[in-house]
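Enquirer: Here is what each chain is made of, one letter per residue.
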Amino acid sequence: MISDSSMLYSTPALETGDDEDQLLRVSLGPQHPSTHGVFRMNVVLDGETVVSLKPVFGYLHRNHEKIAENATYLSSMPYTDRLDYICPLSNNWAYAHAVEKLAGIEVPERAEYMRVILAELTRLINHTAFAGFILGDMGAWGSALMYAFREREKILDLFEDLTGARMMANFMRFGGCRNDLPAGWAMKCGKLVDDYGPFLDEMEKFLVGNEILLARTQDVGQLPKDILINGGITGPMLRAAGVNYDIRKVEPYGIYERFDFRIPLGEIGDCYDRIMIRFLEMRESLKILRQALDQLPEGDYIHPKAKIRNFKPPVGEAYGRIEGPKGELGFHLISDGTTNPYRYRVRPPSFINLTLLEDMCLGLDLADVVIILGSIDIVLGEVDR
Amino acid sequence: MDSPSSTIERLPAPKRPGGWSIPGWGLLQGLAVTGRNMVESYYKKERMTTIQYPEERAPISPNFRNFPFLVFDTDPAADLRCTACSICEKECPPQCIYIVLDRDENGKSLKRPRVFDIDLSVCMNCGICAEVCPFDSIYMDGEYELSTDDRFGGLLFGLDRLAKSAEYHMKLRPEQATEVMARRKAEEEKKAAAAAAKLAKAKADAEAKAKAAAEVKPEEKGEEV
Amino acid sequence: MSLEHLPRLPQRLVEMLLQNFGAPEWLVLIAGFLVAASTVVGVFAGGFALLSLVERKTLARAQNRIGPNRAGWFGILQPVADGIKMLTKEDIVPAKAEKILHLLAPIMIVVPAILALGVIPYGREWIPVPLELGLLFFFAVGAMTEVSIFMAGWASGSKFPMLGAMRAISQMVSYELPLMICALGVVMVSGTLSLPDIVDRQGGFHLGFIPAWNLFTPWGLVAGLLFYVCSIAEANRCPFDLPEGESEIVAGHMTEYSGFKYALFFMGEYLGLFAISGLGITLFLGGWQAPLPGLDFVPTWIWFFAKLCTVIFSFLWIRATFPRVRIDQLMRFAWLCMIPMALLTLPAAAIWHFAGRGLLSWVVTVPLLLIPWVIITVIYNKRLAPTLRTYRFAE
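Protein chains in written order, with the working numbering: chain S, 406 to 790; chain Y, -19 to 205; chain U, -11 to 383.
No farther apart than 20 Å at their CA atoms in a straight line, the calculated lysine to any residue pairs in the SDA-like style are these: (1) U:Lys45 to S:Phe554; (2) S:Lys710 to S:Asp585; (3) U:Lys45 to Y:Ile31; (4) S:Lys692 to S:Asp665; (5) S:Lys506 to S:Gly659; (6) Y:Lys144 to Y:Ala110; (7) S:Lys654 to U:Tyr379; (8) S:Lys596 to Y:Lys25; (9) S:Lys596 to Y:Glu26; (10) S:Lys593 to S:Asp566; (11) S:Lys712 to Y:Ala110; (12) Y:Lys24 to S:Met551; (13) U:Lys45 to Y:Ser21.
Under 8 Å between C-beta atoms, here's a sample of chain U residues computed to sit facing chain Y: (14) Arg49; (15) Ala50; (16) Asn52; (17) Arg53; (18) Ile54; (19) Trp305; (20) Ala308; (21) Thr309; (22) Phe310; (23) Thr365; (24) Tyr368.
These are calculated hints, taken from the structure and not from any lab test.
Positions of the beta carbon are idealized from the N, C-alpha and C atoms, including for glycine.
Start from the sequences, fold in the hints, and give me the full structure.
Expert: Set out below in structure tokens:
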């Protein structure tokens, strides 16, 4: 593990020397049970200690950005669902936010509230599933994951009622949302929010005090703050290390200033802090959801003058970013005044959070690598795009 | 990056029994949680949420969308609402729609598709085609049991399999269909009214013209001659 | 002939039949042994099939799922379906594998498990092989498991199996030690290595209702718990399933196996589980002895299997709950906690043996075992215990 930030850009060269035949070169992935998809790590092991780790990705590359440049602005919306397929609605929002910035479109009040509700529900899904996934990486036999998915299904039911699809929502539009909340939806959502607290209590009882989990995750994979900042790490990973950086507070978008919520911060920034920060964030999300559902106004769900066909934003460029569940999710768009973007670029949080993987893993066990990778919380759809 | 205005609050640490941690206490708590789930899964519905699919089915939400279909009012061959304008073809993100306009022997557009194919193996159920259609002609279906052993022909839906009646739409999405029907009816009435008005106007015009013509008949005739 | 003798029935029948036909004495003996052995193998092969289903069902329930329920009533035919699937799968041998060892390893893992099952007394009348040195024999064949796992890892000629094999060796050698030391206490008190005799010494009741099992003594409680933990590690079960370590090293030593060889590994694992639980029950839980007085009418082997089911259910429960430990934590736990505590049970058992079950023994042995436990707890709290942390909140 690196303690000195000056070493960030000079990962120690692999000293093989006489020990060459003592080292074991293992390719973890792309087919491996716990690389969260088709991620690959070329690991050099000394016994079970990691001496070198080179991430290899691109096995799920789908040419998202180039496709978007050859399609209309609206046509890219369903593709954003498929970036981070655990939380499609956050991606929708980030893209809609960028286009709205580019074209200067207003969003009606009700649509803003709907967006906040959906984004926070997505955060709940992501963080709950994360807790299950990391337990799976630790070798627990899926109990936590199944509990997480049980609750996730309930949120997905809500999404299906609203958007027509459980995961690939394609819901946000430039200037609002595609359709209004169905009758009774807000009430169902309120009930879910009420029931979620007890579920989190149970999950915390299950995981937080578990000695094996504590022993496996504490003091594993931490890096100093400045390295994380230099590496462009965002989201719960950065906040676990104690950096107070949440775009909902730093550069409020939507209507986040109206809500009363706090940003949990860790101190050490190891895997345990990353798990805990996500648990605490879920509690804050519930607070936001409660407030948003109480304040939800009547009105338009989309700007009356929003264009669906033949949408041409003015010439210019814009970068819209939101605090996705995994970190800063940004879309950079350049418009040349036609129906298609001239340049379309995604800033995916899980890809950039992955850049410091080797620095976190050096000198640790092979078993720790899996947990550290899990604690970064990547989705390969977003890493490879 | 620490924002200076942030106030810091310390939460009390979660309590351990007697302030001392007994080795293994957390493990026992975990066992209690799984044990509770094991027992309660036998009698609590919210714990055991499994639905055994072929025998029982989850209720489908009225908003649920799957693949698109085309609406006709009475006869699938004659009055398909689709006018083959190709807007959906252009907007479709994965480009899975293929339309050929139907023309008569003189090459004049008949304003209906001769070929309308959707490759369901490519379609990603986004619903943008239904959204952009200006003719209320394409909507999202709720049918989901479409598996086939022929992945090319079996999933390439042509007009015969895409065209579904307005009644089907009404049954599938009553709210949306009612709204569409009402709008179409209003439009038709407006159109009919406009046509009637136009007709009346034309008639009046013709009459006026005839009258005028009658008045100037001799000169006209004379000129003509 | 009562229900008590039911498991012996096939053997007796064959012996009687052969005697009626005037077969020589040695033939009757060999045939009897063969039938007795097949009874044990048959019972536990059926138990393996049943356990594979029960395990999936139990884990499913712990995770709020239903589990296999399509093949037959309550999924009862699922093991059959699995077996057919495994048998019809292609048997893949890697090009770089040591072909013979690769074939031998799965067989070698089943054979010692079956051998070990042979010496356990299942009932008063049902002792397949009443060996004088049964315990010694058990540990001797038990040690073969390590060899076969290493064989599998080495012969596969692949990296993940090699890592799994290295883990298996270090883990099993470390845990075999406390396992044997714990058993040693029982041997000291019972004064015999014969498993049926050890069960006999645990007969009777104290105060009329507390069974005289070794578990209900101070040293027996500690040794029994340690034995339990060690047996999880010996059987490669969660949370000590590092040799498999499916989230880290794919499937450990089984990575390069497919088809029926893979199924044999599972069979070996489950039979090993039966064997080690059976030994634990024999040593600490009174074997086939009834748990309460006045229950003598129930055949003794039913008590044995009831205890076996309970112990195995606890294994399943643990598997549904715990994450896996890391290799260095596993080793530290074995050498710094398990072995010292196991060694302490030896003097305690000795005192128990020589001073009898009187007040004196309690006064001496309880502090002898409690004080180190308190010391361990204090050290754990001061130095080792992972901390529960506090978190800041920014407005």
